[in-house]
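Engineer: Protein chains in written order, with this note's numbering: chain W, 1 to 781; chain X, 1001 to 1516.
It is worth saying that the hints were derived from the structure and are not from the lab. Quick reminder that beta carbons are idealized off the backbone N, C-alpha and C, glycines included. It cannot be assumed that every hint is accurate.
Listing some non-contacts, in silico: residues in chain W with all C-beta distances to chain X over 10 Å [stated by the list, open to error]:
hint, residue
1, A51
2, I70
3, T94
4, M198
5, G222
6, Q350
7, M441
8, P447
9, E451
10, M506
11, S684
12, T765
Label pairs and their in silico Cβ distance ranges [to be verified]:
hint, chain 1, residue 1, chain 2, residue 2, range
13, W, S762, X, I1280, 31 to 39 Å
14, X, I1280, W, F469, 44 to 52 Å
15, X, L1340, W, L68, 23 to 31 Å
16, W, Q629, X, L1340, 46 to 54 Å
17, X, Q1216, W, G160, 52 to 60 Å
18, X, P1473, W, T342, 41 to 49 Å
19, W, R182, X, Q1160, 32 to 40 Å
20, W, I192, X, D1172, 29 to 37 Å
21, X, Q1216, W, Q455, 53 to 61 Å
22, W, W568, X, W1097, 57 to 65 Å
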Amino acid sequence: MTTFVVRSPGPQNLMASANHSSQAPNIHHSSLNPSPLRRSGTTSRRIRALADRGAAVIVWVGGLATILSIMGIFIYLLLEVVSLFLHSESSEQTSFSIDTTGSNHFDSLAIGIDEYQEIAYVLYQGQLGFYDLATSQLRPSPGMVSVSKTPITAIGRASGRNHHIAMGTQDGRVLFLMVQFRSVFENGVRTIVPSFSMGDPIEIDTDQSPITKIACQPSDEGITIAIVTKAGKIWVAKIEEAGGLLSENETMVRRMELHTPDATTVSTLLLDQLGETLFLGTHDGRLVHWDLQDIENPQLLSTTHIGHTKDSITSLAYLIGDRTIILGTQSGTVSAWMPMHTSNTESGTQLTKVRDFVTHPGAITAISPSKRDKGFVTADDQGHVFLHHSTAAQTILAFHGYESPIQDLVFAPKANGLVTLDAQQQLTRYALDNPHPEITMNTLFTPVLYEGYDQPAHIWQSSSGSDDFEPKFGMWPLIFGTLKGTMYAMLLAVPLAVMGAIYTAMFMSRELRAIVKPVIEIMAALPSVVLGFLAGLWFAPLLEEIFPALLAMSVTIPLSVMAACLGWQYVPKSLQARQRWGLDLVILMIVLVGTISVCLSSNHIIESWWFDGNYKEWLLTVFGFQYDQRNALVISFAMGFAVIPIIFSISEDSLSNVPKHLLSGSLALGATPWQTLTKLVLVSASPGIFSALMIGFGRAVGETMIVLMATGNTPIMEWSIFNGFRTLSANIAVEMPEAPHGGTLYRVLFLAGLLLFTFTFSINTIAEIIRQRLRAKYSQY
Amino acid sequence: MIAGLLLLIMANGLGFFWPKALVQLSLNDGTQVLGQMNAKEMIPYSNTPDAPEGKHRIQLKVGNRDLYGLDFRWIDEDAIQARSYPKDAVFVERREWGNFFGKILEVRKGSTVLASGSQSGWNALQPLVHHANEIHETIQHVETDVIGEINYEMEDIRLQLRGLNLTEHPDDQEKHSLNAQLETLQSIYEKEAETLRTLYDSLRDYSVVFIDANGQAQSLPVGQIIRVLHPNQMPWHEKALVYLSNIWMVLSEEPREANTEGGIFPAIFGTIMMVLMMSIAVVPFGILAAIYLNEYAHQGILVRFVRIAVNNLAGVPSIVFGVFGLGFFVYAVGGTLDTLFFPESLPTPTFGTGGLLWASLTLALMTVPVVIVATEEGLSAVPREYREGSLGLGATKLETLLRVVIPCAMPGILTGLILAISRATGEVAPLMLTGVVKLAPSLPLDSYFPFLHIDRKFMHLGFHIYDVGFQSPNVEAAKPMVYVTTLVLVAIVVILNLTAVALRNRMRRKYSGSTV
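Between the sequences and the hints, there should be enough to build the whole structure, so can you do that?
Structural biologist: Structure representation (structure tokens):
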């Protein structure tokens, strides 16, 4: 089909040759049908008919396929985005009873799981057992190991990547346990090898009272622990060892007793990752905050009441990053608390409740934060497990377990599964498919209270250097940036382009028009990367320098042009007649160039007269505007330059398509050219001009390279013309190359693409429909 | 405005090649500066409010980045005592560290001095530089052709080995023979690497000692030098020759120094390859779709709707097509192709990463609406009588189409294609996502089977502008390069557009002449 010979015979010749071919069948072979030259008439006709039908099929299939595949773009984008909002799924994978003689100490057990969810360990009654989750069997090695001879009365699990566990015994001593999972590769097959190590028992309180609560946290400097004893004492201690954590070396214990709150009321303890902050939850609904930076001189920072009811705090956990505390109570409420700035307290911050999650039917027994994001799981004493996400303020999933109180649960290290142990010693593993927990319509389009902020805000910040960063996917700053850039560009482009089109269509001589139109078309074809480069590297620094002159120009140019027009009236008629050769334009150009050069040369004078010698400072002090070198003003010129030719061409077309007889009629009836223009031409061409504006708007919205190169790409929401912004399109260009395939950022960027697509597509459709209506209207005349 | 813009680009781009005179300035503080005048401006009032009014300062390109750390220096005119144009000042183009401006002190071989003094040093240096450039050519040949071929074969054998291991019962004998081949290749490789080493050593045999304006000496191996010129002694026709050779170098050489020096040939080549592949993809589909819409489909409300939709796709931002290309072509299609056909090289992706093919297809998708619209316009401009006449005379629909309608609509179709090409040439945003890189290690076309490597990443003029102008560490020094690249790109686009305009005018004239 595509290999036809390019010939350009005149149509008359074509007619002749078609005529000829119908009479002489021997030259009928088309490129598809290289049949032998001489055939009988019927065979030739059959072949021709066959070729014709074949070609029709090819055209049908090829044409439809092309059109469908173009439509497919939209569907594909939509599919990629939709999975952001799909519900998470889970399936229970294994559930089996661990063999035990029966234990009823809720606190004195702990479970854990490796990264690949192959092996779980259970620590209860002083025994540590490793279970193979695939076979539901106790692993032969190391098997069931006894870790303590004295009964264990309290267990505290440290947060962080490693499995550090502190155990408090009945005789008031503290034992440390560290579980490790190593991946061993052999012949390309991965096996997980569990191991554990124990430290020596350490005595904190000398009266050997049983430990009822314990929390521990290892850090670079040693292990921080907090314990509550049956004798009614609260101790904090820092254990430092000369040669490694679990070695036989001399250990140094520095300890201090805390007297607030009353030890008998303490229900739960929480240490942060550095071991410098301690929270104590009480049975009467108080949260006591201690600063342990100097362990020998702990500071009581605050006591917070969590609500009206004297609800017991049963469980506390830090989300990754140690900023948000998740608090679970006896009545089953789950809430997120953050330190917020306030002037009421001495430290300047106050722990404030920021979010409530779905309430459990029973008392909260365990909370386990994700190590990947701001998600966490909670469990209650009725066997329910809920999965929440803090930033998104949503409860994603709920499981209903076996109605037996859940004693402990852990979120798998990759946040793709969880393990629970209930009172009937049933170890249950759930697999989770929860790829985009942080995305809801609310996190994308409404203000969200992020960690470290005092007010809900629209923020776009998709990545950062640290692991515990809270990604912020507010789309509004980008949409705002897109609209801001577009608006400033249109502000400059619309008057210039429309006026230019009116002048070209109505008043310009035919010879000039024949030059102007192709020039404008070439202007439209200038690659945007060229415009962006010139705007960023040449115009932005120039503008920074000549800004006062530019301001002056915005006043002097219209004035001088008007003066020139007035002056033209007094030019002798004989000279005016030369308008056809563009004499008036030449004079106008001279006036323009003159004004501009006067303004430029007096740049310094203007700056010192109007702006006290430094316009940037002047802007800052008088209006509070910060002047950035790459700002919206630069964009308005550069993008205006890109949009002008589009608006110009389409409006010029619609203006010159106004039927000539209407024009002549109007003029003949005595209307002046100006009246004809405003009362007749503009009115009848207005839908065309409108559609030109829409199409120009669509182009400005999607423009990528200019914005990318000539703004600072800062996603802020300020209307000031002197600072930059970030648009949807530039954001895609900046972040897409680094977005991992299938991840949340990847799909959110697809959403940005989809927004751009729907926006421009619908705007263009409206414009197109208007134009078609217009065409139909004028075809009547 | 357009003309002004083009002039600006041209002045900045073309001026860069002219060998400017080297000026030596004696400053008030007794130091000397040697360099090329780059710009002159009024001292900005806002920077230094206490500076005297109406004074100027000069931006001097001082070069010698290894000595001074900076390429450019601003000098207040007030601080200059005297200017001179020393005849023996040399301009040295180097392979690293940018240019050097200074005077020749002596030429050495090892530690023995061969020639000293400006003039005799100059005479001694010329053949040496010529010889060094020849050695560089040999090195280039050994590195790319000889060693490149060995590497290519070795990689091929390694992949075969991995492929064998992936099968259920690897053939031990075949493995052995492959391993043996690998070893022979390895030994050849080592021999070639040895020759390469001796070649590199020979580059360091001779060295030149230059002194800068203040008499600070700097020794350079001759192998580092590309060219030595005496710009202050050269008559204008010699300068013109240098000027032309400079332009030729930029157009034909590969980039150096993080793309800020050397040439832009790979970018030009990549752009052309991409546009060619895009045209191959876009022409049949665009034209088929247009013929379908205009000649075969029933002209109802559905076709009208499709036509509007196709029209509007031309207005959808290019970055959206880039996103689609990345998601669909690169990850979905490319990823599948990799697992099906290239399992031995995984996890290194073959087609599952941006490349020439995907970039071309993405751009083809983007420009298909342009071609459809233009072709349809061309088709509908063919008078109805022609078709009816042809059909009435007994020709089939296909024959009418091929012999009457399409030849008449040819200018329209070509206009569409040219517009599509010109749009694709200047487009950067979608390419950034689908396969353009700042520095491609090899061209997508070479002498190894299958010759055209559509999976390779490539360089592009537009992206080159963005990268060199905005991501390079030394933007000021890179500016001329960006202007040159811009000039080339704009020239291509403008020429294509002028062709389209001329074609369209011809088409219009033809119809206005024949139908009335």
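Engineer: Confirm or reject each hint.
Structural biologist: Comparing the hints with the structure gives:
1. A51: 6 Å, violated
2. I70: Violated, since 6 Å does not exceed 10 Å.
3. T94: Label holds. Min Cβ-Cβ 30 Å, cutoff 10 Å.
4. M198: Non-interface label stands for W/M198: nearest chain X Cβ at 40 Å, farther than 10 Å.
5. G222: 41 Å, holds
6. Q350: 44 Å, holds
7. M441: Fine: 21 Å to the nearest Cβ keeps W/M441 off the interface.
8. P447: 27 Å, holds
9. E451: 30 Å, holds
10. M506: 21 Å, holds
11. S684: Holds, since 23 Å exceeds 10 Å.
12. T765: With a cut-off of 10 Å, W/T765 comes too close to chain X, as the shortest Cβ separation is near 6 Å.
13. W/S762 / X/I1280: 31 to 39 Å: Roughly 33 Å apart at Cβ, these two residues keep to the hinted range, so it holds.
14. X/I1280 / W/F469: 44 to 52 Å: At roughly 46 Å between Cβ atoms, W/F469 and X/I1280 fall inside 44 to 52 Å, so the hint holds.
15. X/L1340 / W/L68: 23 to 31 Å: 24 Å, holds
16. W/Q629 / X/L1340: 46 to 54 Å: 51 Å, holds
17. X/Q1216 / W/G160: 52 to 60 Å: Cβ of X/Q1216 to Cβ of W/G160: about 56 Å, so the range 52 to 60 Å holds.
18. X/P1473 / W/T342: 41 to 49 Å: 45 Å, holds
19. W/R182 / X/Q1160: 32 to 40 Å: 34 Å, holds
20. W/I192 / X/D1172: 29 to 37 Å: 33 Å Cβ-Cβ, so the 29 to 37 Å window holds.
21. X/Q1216 / W/Q455: 53 to 61 Å: 59 Å, holds
22. W/W568 / X/W1097: 57 to 65 Å: 60 Å, holds
Hint compliance for this structure: hints 1, 2 and 12 are not met, and every other hint is.
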